[in-house]
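Chains as they are written, first to last, in this note's numbering: chain W, 147 to 523; chain F, 147 to 523; chain L, 147 to 523; chain B, 147 to 523.
Treat the hints as calculated values from the structure; they're not laboratory data.
Each statement offered as a hint is correct.
Pairs count within a copy or across copies, as identical chains cannot be separated in the list.
With a straight-line Cα cutoff of 25 Å, these simulated BS3-like cross-link-like pairs (lysine-lysine) come out:
#	residue 1	residue 2
1	K249	K498
2	K191	K482
3	K419	K442
4	K305	K442
5	K327	K160
Residue-level listing of the chains:
Number of protein chains: 4
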Amino acid sequence: MSNNIKLGIIGGGKDSLIGILHRVASGMHSKYEVVGGVFNTEIQKSLQYAEETGIPSERVYKDLDSLIAGELSLPDEEKMQAICVLTPNYLHFSMAKKLVDNKFHVICEKPLTTTYEEAQILEESVRRSRIVFAVTYTYTGYPMVRQMREMILRGDIGKVQKVDVQYYQGWINPIIHDPEKRAKTWRLDPEISGKSCCIGDIGSHAYNMIEYTTNLEVKEILADLNYLYGDNEMDVDGTVLLRFSEYVKGVIRSSQIATGEENNFRVSIYGEKAGLKWEQENPNYLYLLQDGEPLKTLKPGHAYNGELSLSGTKLPPGHPEGIFDSMGNIYHGVAKAINKEGYDPAEFPTIKDGLRGMNFIEKVLESNKQGNVWVKL
Amino acid sequence: MSNNIKLGIIGGGKDSLIGILHRVASGMHSKYEVVGGVFNTEIQKSLQYAEETGIPSERVYKDLDSLIAGELSLPDEEKMQAICVLTPNYLHFSMAKKLVDNKFHVICEKPLTTTYEEAQILEESVRRSRIVFAVTYTYTGYPMVRQMREMILRGDIGKVQKVDVQYYQGWINPIIHDPEKRAKTWRLDPEISGKSCCIGDIGSHAYNMIEYTTNLEVKEILADLNYLYGDNEMDVDGTVLLRFSEYVKGVIRSSQIATGEENNFRVSIYGEKAGLKWEQENPNYLYLLQDGEPLKTLKPGHAYNGELSLSGTKLPPGHPEGIFDSMGNIYHGVAKAINKEGYDPAEFPTIKDGLRGMNFIEKVLESNKQGNVWVKL
Amino acid sequence: MSNNIKLGIIGGGKDSLIGILHRVASGMHSKYEVVGGVFNTEIQKSLQYAEETGIPSERVYKDLDSLIAGELSLPDEEKMQAICVLTPNYLHFSMAKKLVDNKFHVICEKPLTTTYEEAQILEESVRRSRIVFAVTYTYTGYPMVRQMREMILRGDIGKVQKVDVQYYQGWINPIIHDPEKRAKTWRLDPEISGKSCCIGDIGSHAYNMIEYTTNLEVKEILADLNYLYGDNEMDVDGTVLLRFSEYVKGVIRSSQIATGEENNFRVSIYGEKAGLKWEQENPNYLYLLQDGEPLKTLKPGHAYNGELSLSGTKLPPGHPEGIFDSMGNIYHGVAKAINKEGYDPAEFPTIKDGLRGMNFIEKVLESNKQGNVWVKL
Amino acid sequence: MSNNIKLGIIGGGKDSLIGILHRVASGMHSKYEVVGGVFNTEIQKSLQYAEETGIPSERVYKDLDSLIAGELSLPDEEKMQAICVLTPNYLHFSMAKKLVDNKFHVICEKPLTTTYEEAQILEESVRRSRIVFAVTYTYTGYPMVRQMREMILRGDIGKVQKVDVQYYQGWINPIIHDPEKRAKTWRLDPEISGKSCCIGDIGSHAYNMIEYTTNLEVKEILADLNYLYGDNEMDVDGTVLLRFSEYVKGVIRSSQIATGEENNFRVSIYGEKAGLKWEQENPNYLYLLQDGEPLKTLKPGHAYNGELSLSGTKLPPGHPEGIFDSMGNIYHGVAKAINKEGYDPAEFPTIKDGLRGMNFIEKVLESNKQGNVWVKL
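If we strip away everything but chain W, and leave its shape as in the complex, we get:
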């Protein structure tokens, strides 16, 4: 029997992009073995998925409660150690809580919950249970994002003075103008998706990225959201002004109606000594801008990168890695934490990041509702 971590998966069946992403990523570093789960609300579909993806069928359960009961009945060396939660947003809280309370390690998709209150309750549970809890802000696993963090923390760009993060997609454009398509889109249904679409789904990535790369905390925000139609309940575009301190400011721009954009997530951080820029669609380049110097483009796998970045690169320079590798790095970090091997806390986002994310989403909605005023985080 291998000493891989036994992983269960909740959700993420057949057509789910997030299912593929997690399954492949968990396998990349040979640290996990998917042993079962609940992939679909219908057991037959779950079993079919297991067969297609080479997951043994014995531990495919009909629902979460059965899974918990079944696994708790197994000897320690056999039972699932970690569970990955990929269900629709509104189920994250109740499912994650049960798992945490039953001492499973949890890898949960974002947003953590649908309300900040739930997130606080969950965080309290995690603290009590002392398990490892990761929230998969996927993009922080990219080697050049990690490098950005390392460079900023060691002072390469000096004191941060300006932050600008963009996350532009266009996928809601062909939907929002078509009432039929709109009605069928779960992301635009607050019952399933939570109170926010654009900010909840992608604005929260932008926010997390800023705090991840700079280690700074946003203190206040002022938000202006766009719903595009009076009968649409969910934001599809939003700009958020950020204040870190009196003279350190920033802006997050997120949109799902930026027609034709795919996943155009860009980060620009300017300090007193230099600036750094990174783009998700070309993730293997990190741009260093310095007054009066040639532009420098850093790439993964070079000895000039820091340890955190290098540990997230599997191949030598010139062999482009992508989003599976980024998520794979997060899984790798979680495995180290579960195995109590030494690791850098920056290797994966935790429930704290999830909690702060929920707070950010609620405060953005509040600022917008009150007429675009400053709200403290």
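Please arrange chains F, L and B on chain W, whose structure you already have, making use of the hints.
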């Protein structure tokens, strides 16, 4: 004697980049002949500049009043028809006004004046004098900016739903943190430069570009400026939320402390059918983004471009033109207006653009001062 | 027991980039399970590698003969079905031949052998054994390379008239000028690496890519190699003129002394109707050039791509996949072949590609040796 | 009267791109004044052109002989000092020779002549006459090309070991396959254009660029040209292997049937210490590649550039200059030579460059005709 337009220049002597830009640009289409001017406050330096740049010395004057008197005394076919005003901002108003009142055509650098009130008075004079008055928002002369306008106006991207314009520079970074350098920088001195640095100098370009390319009017703004130090009177960074109508929004981001940036001016306009993007530092590419279609990159000089764009391209595709060519196109348009040849009003920005720009600057300052609130334009 | 293909690995232990690439790639589509192998010439190191990578230790063998004996003694449903050969080049032939003769499916790194003669013998064995034999020209698995092939085959660019492929690396530069480093580099040792370094290692990729994307056969070549030093036996740079027919020509340029280049592999194919360009370091863009049309950039995952391309993309547009995904697609194709599921022969390179590659390498060396003359392939 | 150099122009009338390029470029540094010329074989068209471009009509001549006679009859301070020759290639020699023999300075388009023999005769005349003779290889005036030269000459990349230059256009593609269009294209008519189309027109730029940037001399070449049709007399595509010395090699690739390409001229020079790359379509970037270092992108106008580069930049960083500015820099250099001001010989290409270019063209044709063999230059 050639039938070129006789051009005089006020300001723009020796070390002035703006002087070089206007002088070269005015010569590119063989429509103007620089016949004299006042290049410097010291006549000796003006004469030396004239010698170095091949401008005849006979009509180099000691100051504006002498120039006006001297030129008015000449026969019509000899006297300067148009005067280009390149002096520091605070002199624009008084000089332009005298010239307008004496029936010279005027090509004035932006910002038009230092206050909106002055701009209104000047506009009134221009209306009375019926001369041609151009304000040199340089970037609207680029062929691919013109193409952007043509495509939007003919409906290629559908109804505009989101506008995002960035103008990031880093040149103030090495100055603002150094009190000595800061004290010597005229852009940071409100006496010379007007009330605003970043918004006045570059934010106003962003605003003009939006109205130029979309033909839409911004109705309300909410601004957040950054002065970086308590003892600095001039904004060096600012984000401005824009509202065109209830569901059409946008954002302008401008900064002069985006360390390491050169002249990173980018325009993104997203409509219901497509998006368009353009960047000043690579001005010969226009990106067309459509849901589910390959990204299209349009370039100057191709038959697929509109008439306004093509008229601003001198060479076949693959021969990169630059900023002199953009300004040259503006001069070309002004020449057509002076010569009463048919022209597209989009060939050069007028006093209306200058006036709206001054209004924008003042309203941005007002919004910021009042605590980042919405202000109607 | 899962119905995954049982995979064994020969070579590719600890420090081997190629080992990581194959192991991760084989796992990406949940079609294989690594059950054992010979990772190192020392069994202890093999066992340690197995432990670190979660491979069961029971079927870690001391050498290839033991592996073959051991596996053949197992019941059919348990024994290894496919073996992946990642040993140094000079061992490929003898090992692959034994495996083939014992009816294992083989996935072999390139170059297939060290001589064309060996390659012919091996091909004969494969034909007799009727097993699946793949040669891992990694780059043909990229979705946009597959798309290139599909577009060319269906006539999108018309008759091909010009082919230009570059493969530039710089990694030998810091080695070749340093006799000590040079002596320690196995790629520069003909005993281990075969007769050619640059052409064998990367020029052969370029050649394979041309035949893959165009479906054309190179008829004649003229080569000019550079050894840089008189006492260096292995080519480190070479240009090869190609002739497909009297009026269809091309060129391959390959170098390992293109200082500072990483893995700059670029393909340009020009036809009578359009041109196509692709770059390995930014593999998710395919450029379509047409006379008088905007440049079009195609990206993976869009419905406008062909079936072969789409089947190689796991996530929606905007989620960059990389080299593991390319190799993963090749493994996926091989699995379909082993499982006798329908597949497109373009899903993986076979022994035919390996054989042609060896012929190309030998003919390039011959042309160069004879003074840069035309040699028929 | 200004002290500008009085310039005459032969050829380049109305529809000529080269006419626009020279006229605008000559005016950019305020060093020349176009005083007349022969723009067309019909005097009426010449006069009309003069009127449209603001050139005085008095010195518009009906042909070259009249021009020479007319100008020689004028007092020294009035007569044309320099003449720009923009006529079809086959006229360059006879016209330039007359001008040289009459002691006019000459600025001649490339190719210098139609045969090497003519070029030698002309060079002899130039030597006797001691006038300034420039051959306008336009691209060597770009600031980042000059920077490339400065860096290579001062040893920044170490000993050059590999040169690769590409010049790809697609404009002949829609012509060559259409017999009617082909018959009307003067570039494909050897009577007008000389013996070579692709090599003569653009391959010669590539060759000149290599010798300009590296200061190395190509010693031997082996060429493979493509005529695409048996009844086409002019090469439209060609690859040329280069040998500088036994172990320093290179390749020029030029094509006019690279469908969809515009003016894709790229230079890559690799040395023992670093590599440099530049692309004409994005001329304001110079890439410095060093083993194990971040990629560096140099841009014009920065203090890190050398004197030759900086003298060719008129505006601060971030203000893109283009091809007019490159040609303008060449005119500027010629003006310095005419005015006997200190100048760097690298500021403009001379008759030596033109002569070497003609030799290159003839040797390429010879190598190709003899079956792609090595020919000494």
